[in-house]
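A.B. asks: Residue numbers (full-length UniProt numbering), protein chains in the order written: chain W, 1 to 225; chain B, 1 to 219.
It cannot be assumed that every hint is accurate.
Keeping only pairs whose Cα atoms sit at most 27 Å apart, straight-line, the calculated DSS-like set for lysine-lysine is [stated by the list, open to error]:
#: 1; chain 1: W; residue 1: K104; chain 2: B; residue 2: K40
#: 2; chain 1: B; residue 1: K203; chain 2: B; residue 2: K215
#: 3; chain 1: W; residue 1: K99; chain 2: B; residue 2: K53
#: 4; chain 1: B; residue 1: K142; chain 2: W; residue 2: K52
#: 5; chain 1: B; residue 1: K126; chain 2: W; residue 2: K53
#: 6; chain 1: W; residue 1: K53; chain 2: B; residue 2: K104
#: 7; chain 1: W; residue 1: K132; chain 2: B; residue 2: K62
#: 8; chain 1: B; residue 1: K203; chain 2: W; residue 2: K139
#: 9; chain 1: B; residue 1: K62; chain 2: W; residue 2: K99
#: 10; chain 1: W; residue 1: K148; chain 2: B; residue 2: K104
#: 11; chain 1: B; residue 1: K79; chain 2: W; residue 2: K79
Because the hints were derived from the structure by calculation, they are not lab data.
Each chain, letter by letter, is given below.
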Amino acid sequence: MAEEVKLLKTWSSPFGLRAFWILKLKGVQFDFIDEDLSNKSPLLLQSNPVYKKVPVLIHNGKPISESLVILEYVDETWKQNPLLPEDPYERARARFWAKFGDDKVLASIWNAFIKQGKEQEEAIGLAIETLKFLEEELKGKRFFGGEKIGLPDLALGWLANLIGVFEEVIGVKLIEKERFPLLSAWMQEFAEAPVIKESWPPHEKLVTKFRAMREPYVAAAAQPK
Amino acid sequence: MADEVILLDFWASMFGIRVRIALAEKGVKYEYKEQDLFNKSPLLLRMNPVHKKIPVLIHNGKSVCESSIIVQYIDEVWKDKAPLLPYDPYQRAQARFWVDFIDKKMYDTSRKTWATKGEEQEAAKKEFIEVLKTLGGELGDKPFFGGDNFGYVDLCLIPYYCWFYSYETFGKFSVEAECPKFIAWVTRCLQRETVAKALPDEKKVFEFVSVLREKIRVE
Chain W
1 MAEEVKLLKT WSSPFGLRAF WILKLKGVQF DFIDEDLSNK SPLLLQSNPV YKKVPVLIHN
61 GKPISESLVI LEYVDETWKQ NPLLPEDPYE RARARFWAKF GDDKVLASIW NAFIKQGKEQ
121 EEAIGLAIET LKFLEEELKG KRFFGGEKIG LPDLALGWLA NLIGVFEEVI GVKLIEKERF
181 PLLSAWMQEF AEAPVIKESW PPHEKLVTKF RAMREPYVAA AAQPK
Chain B
1 MADEVILLDF WASMFGIRVR IALAEKGVKY EYKEQDLFNK SPLLLRMNPV HKKIPVLIHN
61 GKSVCESSII VQYIDEVWKD KAPLLPYDPY QRAQARFWVD FIDKKMYDTS RKTWATKGEE
121 QEAAKKEFIE VLKTLGGELG DKPFFGGDNF GYVDLCLIPY YCWFYSYETF GKFSVEAECP
181 KFIAWVTRCL QRETVAKALP DEKKVFEFVS VLREKIRVE
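Next up, chain B with everything else stripped away, as it sits in the complex (with noise of 0.2 Å):
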C-alpha cells in the first residue's frame, strides 16, 4: 500500500521548513498543501484541535503535530535513510537538548526584533545575539552540530535563516559582525541541496515581515 503523506503548512513557518527538509532529507514524496494563518482550514482544525497550528503532517490519515515532534517520527519511520537523529542514546539527549533551547530561546527573542521598538527591542537584540553565541559556542569547531553530519539540531536551526534578513534590517544589527563562526555554519548547510530548496527566498520573508509589523502597529 503507497504511504499517503500530507503537509499542513505555511510558507515562510521556520517550524514548516523543518518538516519539509526531514522530508525531502528522507526521500519522502508528500502532499504540500498551504494553509491561510488567518482563516484557518476545517482539515488544520479537524487534524490539530488542541493547538490549531502549522505545521501538521497527516501520514495515512493520522496527524502528527508540534515541528520537533514531527521531524523525530520522521526519523523513526523513514529510518532506513539519511538518520536525522545520532545513534548513541548520549548524542541523542543532547540534540534533544539543543533543539529544546532553540524552541525555548530563538523564536520569542528573534520576534522582538522586529515586532518591538525602542528599550523592548534593543534587550531583545542583545538577547538574541546571546542565544546565537551560545549556539555558536556548543557548536565549536565541528562543521554542524551533529559533528560531521548534518543532523536534527542543524536542521531544527537552519531555518530561523531565512528570517535573518528581518531580524537585521528591522534591528539595525548584523549577525555576520556578531557571529562569524554561525554564518560559517549557515553556509555549509546552504550546501545542501535538501536545505537550500526548503529554505524561502528572504527578501520575501522581509515583505511578509513587513506587513505583519503593519497589521500590529509597530511603528
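The following block holds chain W by itself, in its conformation from the complex (with noise of 0.2 Å):
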C-alpha cells in the first residue's frame, strides 16, 4: 500500500519546520499544506481538534499533533538516520533538553522580545541565564545530540534563525559571541547543515511578521498608566 504523508504548517512557524525537517532528514516523501491561520482549512480543524493548530502529521489518514510528539513518531516509524539513541539515559537526556527549550527557552525569549523598558531588561536577564544552560550542554559536543543533529538540535533549531529576526526587531543582541561561543557556533553549524539550510523562510518576511507581532505590545507599553 502507498503510504500517505501529509503535513500541515504555516510558513513560518518554527514548530511546523521541525516536522518538515525530520521529514527530509529522513527522505520520507511526503506532501505539505501551507495554512492561513486566520482562516484554518476544515482539515486542520478536523486534524487537531483539541488545539486547531500547526503542526499536524497526518499519515495514511491518521492525525498526530504537537510537534515533539510528531518528532518522536516519525522517528520510530521511519528508522532510517535516527533522531534518538538507542540508550535510555541517553534518549531521557535527549527529551530533557528538547522539552527545556520549549518549556524555558522559548518562553524566556519570547517575554524579551515583547516586553519593554525596564521589564526588558529584566526578561532579558532571565533569558540570558537561560541559555547559559544551552551553552553548558554543547561543552564537548558539536550539536545537542552528539556527534551528528539530534532531537534536541530539531526542537532548539529555531534559536539558528529567529534569534537574528527577534535581535534585529528589537536592537538588542541576545545571544553574544563573546558570552556564547559554543552555543552561536552551533546555530551557524545547525543554519548550514544539510537539509535544514534549504529550509529557512525568508529572513525579510519574518522580520516583517515579528515586527508586526510586537506592535501592540509597544502601544500597550506607551499608554499612560
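Join the two chains, each given in its own frame, into one complex according to the hints.
C.D. replies: Below, the structure written as C-alpha cells:
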C-alpha cells in the first residue's frame, strides 16, 4: 500500500519547521500544506480538534499533533537516520533538553522580545540565564545530539534563525559570541547543515511578520498609566 | 551488579506519585528520599541543577528529571514487565499527546481553583471542568486511556485525584456531579494496588493545601 504523508504547517511556524526537517532528513516522501491561520482549513480543524494548531502530521489518514510528539512518531516509524539514541539514559537526556527548549528557552526569549523598558531588561537577564544552560550542555559536543543532529537540535533549531530576526526587531543582541561561543557556533553549524539550510523561511518576511506581532505590546506599554 | 535506584520526591507531589506508581508497576526496589521544598538539599540541587525540582530519579548515580521523561525512562529500562506505553507507534504518539495535554492544562488550572478567589477562581473552575470533560471525551467507553489496560496516560493523570478533595472544597464544586464517567475511571484505577498504595490520603493533602493557602495569603 502506498504511504500517504501530509504535513499541515505554516510558512513561518518554527514548530512546523521541525516536522518538515525530520521528514526531509529521513528522506520521507510527503506533501505539505501551508495553512492560513486566520482561515483554518476543515482538514486542520478536524485533524487537531483539541488545539486547532499546526503542525499536524497525517499518516495514512491518521493525525498526530504537537511537534515534539510528531518528531518521536516519525523517528519510530521511519528508522533510517535515527534522531534519538538507543540508550535509555541518553534518550531521557535528549527529551529533557527538547522540553527545556520549549518550556524555558522559548518563553524567556519571547518575553525579552515583547516586553519594554525595565521589564525588557529583566526579561533579557532571565533569557541569558536560561541560555547559559544550553552553552554548558554543548561542552565537548558539536550538536546537542552529539556528533550528529538529534532530537534536541531539531527542537532548539528555531534559535538558529529566529534569534537574528528578534535581535533585528528589538535592536538588542541576545546571543553574543563572546558570552555564548559554543551556542553561536552551534547556531551557525545547524543553520548551514544539509536539508536545514534549504528550509529557512525568507528573513525579511519574518522580520516584517514579527515586527507586526510586537506592535500591540509596544502600543500597550506606551499607554499612559 | 545490583541496580541502585533513588527517588528524590515530595509526598504530595502529583508528579512524584507518577514515578512511584511506575516503579511499583515494574517491581523496582528503590530508596525514597523525602525532600524539603522550602529548604532544598545539596543533593537535589546537584542532581537537578536546571530546574531544582522533584521528582528526580537517580539510577546508578545518573539523574533523570521531569516526571513524564522519568516514566518513559523507567518503561524503557525495565522493559520486560508491565509495559506502560503502547507498542504501536501511532498509539504511543496518542499517549504522549495526552500526557502533554495533561501537563499543559491540569496543573495551572487546578492550582487556581484553590490559590485564587472571586472571578479568577470561578474562571479556573470552569476551565478545570472543561479539561476533565475533554479528557473524559478521549476516554470514551474504554476502561482506561490505554484501552483495556492501565497505561502511561492513566498513570500520569491519576495522581491528581488525591488533590481533588482540596480543589472541590476550596473551589466549591463536585467533580462527580460534573463528570461522573471520570470518577468511574478513578475507581477502576484505585482498584490497582500500585495506585492505591502510591496516593496519599486526600485529607492530608487538604491540610497541606490549607497551609499553602495561608502562606500565599489567598483570603
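A.B. asks: Are the hints correct? Go through all of them and say.
C.D. replies: These are the hints, each one checked on the structure:
1. Of the supplied pair hints, the one linking K104(W) and K40(B) holds, its CA atoms being roughly 21 Å apart against a limit of 27 Å.
2. Taking the CA atoms of K203(B) and K215(B), the gap is about 19 Å. The hint holds against a cut of 27 Å.
3. Of the supplied pair hints, the one linking K99(W) and K53(B) holds, its CA atoms being roughly 15 Å apart against a limit of 27 Å.
4. Simply put, K142(B) and K52(W) have alpha-carbon atoms about 25 Å apart, close enough for the 27 Å limit, and the pair holds.
5. For the hint pairing K126(B) with K53(W), the CA-to-CA distance comes to about 22 Å; that is within 27 Å, so the pair holds.
6. A distance of roughly 15 Å separates the Cα atoms of K53(W) and K104(B); the hinted pair therefore holds under the 27 Å criterion.
7. Using a Cα cut-off of 27 Å, the hinted pair K132(W) and K62(B) holds, with the two alpha carbons roughly 22 Å apart.
8. The hinted pair formed by K203(B) and K139(W) fails the criterion: a straight-line CA distance of about 48 Å is larger than 27 Å.
9. With a C-alpha separation of about 19 Å, the suggested pairing of K62(B) with K99(W) holds against the 27 Å cut-off.
10. Of the supplied pair hints, the one linking K148(W) and K104(B) is violated, its CA atoms being roughly 30 Å apart against a limit of 27 Å.
11. Distance check on the hinted pair: K79(B) and K79(W) sit about 20 Å apart at the alpha-carbon level, within 27 Å; holds.
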